[in-house]
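**Q** Read off the chains here:
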Amino acid sequence: MTVHRPTSLADAFAALGEAPDALVLAGGTDVMVGVNEGHRRLADVVVLGGVPELRRAGVERIDGREVLVIGAGVTYTGLAAPEIAARAPALAVAARTVGSPQIRNAGTIGGNLGTASPAGDTLPVLHALDAQVALAGPAGARILPVREFVTGPKRTALTPGELVTAVHVPVVRGPQDYLKVGVRNAMVIAVASVAFVVDLDRHEVAVGLGAVGPGPLGAPEACRWLARQLHWDDEGVRLADPGDAARFGTLVTEAARPIDDHRGRADYRRHAVGVLATRAVKRAVRGGMS
Amino acid sequence: MSEQYVLRVNGEPREVQDAWIGESLLYVLRERLGLPGAKGGCEQGECGSCSVLVDGALVCACLVLAASVVDAEVVTLEGLQPGERGALSIVQQAFVEEGAVQCGFCTPGLVMAVEDLLARDLDRDAAPGDLTVREAVSGNLCRCTGYGRVLAAIERAVSSAATQVAVRDGA
Numbered sequence: 572m573t574v575h576r577p578t579s580l581a582d583a584f585a586a587l588g589e590a591p592d593a594l595v596l597a598g599g600t601d602v603m604v605g606v607n608e609g610h611r612r613l614a615d616v617v618v619l620g621g622v623p624e625l626r627r628a629g630v631e632r633i634d635g636r637e638v639l640v641i642g643a644g645v646t647y648t649g650l651a652a653p654e655i656a657a658r659a660p661a662l663a664v665a666a667r668t669v670g671s672p673q674i675r676n677a678g679t680i681g682g683n684l685g686t687a688s689p690a691g692d693t694l695p696v697l698h699a700l701d702a703q704v705a706l707a708g709p710a711g712a713r714i715l716p717v718r719e720f721v722t723g724p725k726r727t728a729l730t731p732g733e734l735v736t737a738v739h740v741p742v743v744r745g746p747q748d749y750l751k752v753g754v755r756n757a758m759v760i761a762v763a764s765v766a767f768v769v770d771l772d773r774h775e776v777a778v779g780l781g782a783v784g785p786g787p788l789g790a791p792e793a794c795r796w797l798a799r800q801l802h803w804d805d806e807g808v809r810l811a812d813p814g815d816a817a818r819f820g821t822l823v824t825e826a827a828r829p830i831d832d833h834r835g836r837a838d839y840r841r842h843a844v845g846v847l848a849t850r851a852v853k854r855a856v857r858g859g860m861s
Numbered sequence: 003m004s005e006q007y008v009l010r011v012n013g014e015p016r017e018v019q020d021a022w023i024g025e026s027l028l029y030v031l032r033e034r035l036g037l038p039g040a041k042g043g044c045e046q047g048e049c050g051s052c053s054v055l056v057d058g059a060l061v062c063a064c065l066v067l068a069a070s071v072v073d074a075e076v077v078t079l080e081g082l083q084p085g086e087r088g089a090l091s092i093v094q095q096a097f098v099e100e101g102a103v104q105c106g107f108c109t110p111g112l113v114m115a116v117e118d119l120l121a122r123d124l125d126r127d128a129a130p131g132d133l134t135v136r137e138a139v140s141g142n143l144c145r146c147t148g149y150g151r152v153l154a155a156i157e158r159a160v161s162s163a164a165t166q167v168a169v170r171d172g173a
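As given, the protein sequences belong to chains A and B, one line each in that order. Letter by letter, the first sequence follows residues 572 to 861 of the working numbering. Letter by letter, the second sequence follows residues 3 to 173 of the working numbering.
Keep in mind that a hint or two might mislead.
DEER-style ranges, computed between Cβ atoms [what the hints assert, rightly or not]: (1) A:A817 x B:R10: 49 to 59 Å; (2) B:Q83 x A:P731: 46 to 56 Å; (3) A:V759 x B:T165: 31 to 41 Å; (4) A:R773 x B:L133: 48 to 58 Å; (5) B:R10 x A:D805: 51 to 61 Å; (6) B:Q83 x A:A656: 33 to 43 Å; (7) A:L715 x B:D73: 28 to 38 Å; (8) B:E33 x A:D838: 39 to 49 Å; (9) B:D73 x A:E589: 13 to 23 Å.
Computed footprint of chain B on chain A, listed as stretches where at least three residues anywhere in the stretch have a Cβ under 8 Å from a Cβ of chain B [claimed, not checked]: (10) 600-608; (11) 617-624; (12) 667-676.
It should be emphasised that the hints constitute simulated quantities derived from the structure, not laboratory data. A quick note: this is a predicted structure, and the numbers were derived from the prediction, not measured. For glycine and all other residues, C-beta sits at the position ideal for the given N, C-alpha and C.
Bound-form chain A, shown alone (with noise of 0.2 Å):
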């Protein structure tokens, strides 16, 4: 049982392939609440902190398309940055709805994705903007759409010795929105949240449902009716019937899988998850404020 405090990536994998059941630690921000109540004892720790090629964030070309590649290290404040803010403004809106500034100064964007919380706030951004995680481990590296790689509540795709080395958001050219219900307005865990991505070059529309479901849910129906009833020109979109984002609203809440627990119930989580994507619609759209 030790603390391993690797200084590089290659370090971080020699660890772990040491100690292929070690638990790895991110920013913290979960597992300490769990270590604190005593509910989870902690045996091998790989700590990825000082693993300086995790915490870089830049903007490259992959197949034809901007991408923005974010370290799994960089933390909800990192993601709320001037320089991702303008490229992947839902994932950086997301980002500022977590916690407090204490908490997103540690937790991470790759704790998030290995966590794999229901209610985790970046997943519907990733799941919306179909994101790609970058894995690496002894078999070498892969990459994953988000779609796949988280496969249940608190479950995903990595298997022994592999960790999130990087996450892969393209740069969307339009209006994109992040909402969420909580009990009150700041430090709350989702009950229901949005994404919406409205995609201006090819006249998409996507969004990501959080805390309605098992892991992030797209509502692939709705979004292609909306992107029907859109008026599409280069600035933007119009609703021709201002009616069509209630209506859009109703079409989303038939793709949400809510559950009831201790924060909500499953027909309030249907219902919240109709309002914000009216909402969203309503923010989105030119004129669609008032």
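Got chain A sorted already, so can you dock chain B onto it with the hints?
**A** Just chain B, lined up with the frame of chain A:
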């Protein structure tokens, strides 16, 4: 199994011996290193009363695995004290003058959060706006004051710090 490591706290190397692997930074600071400034409130990152700086970032010490920050600079409330024992920082002085302390349990965390706000904002021309201030202390719960006097103390601290910078720069 016991852990042995050295933390760097308030500029000093501090040896930690016979620690349990899962001890939080908060526990180690208070129970092993004799630094009770950070308070243990919720121990789940909700209340902010254990706020410290780790490599310059404001974090909840209760959610930091102590053995994970061996190579980092940790600054606690005790490390803010300028000069002799009993001297107050600008932020602490402002809390005293505005009567922003009732039971005092949240005060160390609030002081750390305001110190962090000043460290981030002092280089800008304008004082931080109301929303910036409220966001800066949004992770620090106070159940006594209703925050009115805390916000007044922050305003006073911001203006004292700005004066200090102006004097330093010869303005």
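**Q** Now, for every hint given, state plainly whether the structure supports it.
**A** Structure-based check of each hint:
1. The given range of 49 to 59 Å is respected by A817 (chain A) and R10 (chain B), whose C-beta atoms sit roughly 57 Å from each other.
2. Distance hint for Q83 (chain B) and P731 (chain A): a CB-CB separation of about 47 Å, consistent with the stated range 46 to 56 Å.
3. In this structure the hint that V759 (chain A) and T165 (chain B) lie 31 to 41 Å apart at CB holds, the actual value being about 38 Å.
4. For the hinted restraint 48 to 58 Å between R773 (chain A) and L133 (chain B), the CB-CB distance of approximately 35 Å leaves it violated.
5. Look at R10 (chain B) against D805 (chain A): about 54 Å separates their beta carbons, and that is inside 51 to 61 Å.
6. Between Q83 (chain B) and A656 (chain A), the C-beta spacing of about 37 Å keeps the proposed range 33 to 43 Å intact.
7. As the Cβ distance of L715 (chain A) to D73 (chain B) is approximately 32 Å, the hint placing it in 28 to 38 Å holds.
8. A hinted range of 39 to 49 Å for the beta carbons of E33 (chain B) and D838 (chain A) is consistent with their spacing of about 47 Å.
9. Separated by about 20 Å at the C-beta atoms, D73 (chain B) and E589 (chain A) satisfy the suggested range of 13 to 23 Å.
10. Judged by the Cβ-Cβ criterion of 8 Å, the region 600-608 of chain A is covered by chain B as claimed, because 7 of its residues qualify and three suffice.
11. Three residues within the 8 Å Cβ limit are the bar, and the region 617-624 of chain A against chain B gives 3, so the coverage statement holds.
12. Note: the region 667-676 of chain A has 6 residues with beta-carbon separation from chain B under 8 Å; the three-residue rule is met and the coverage holds.
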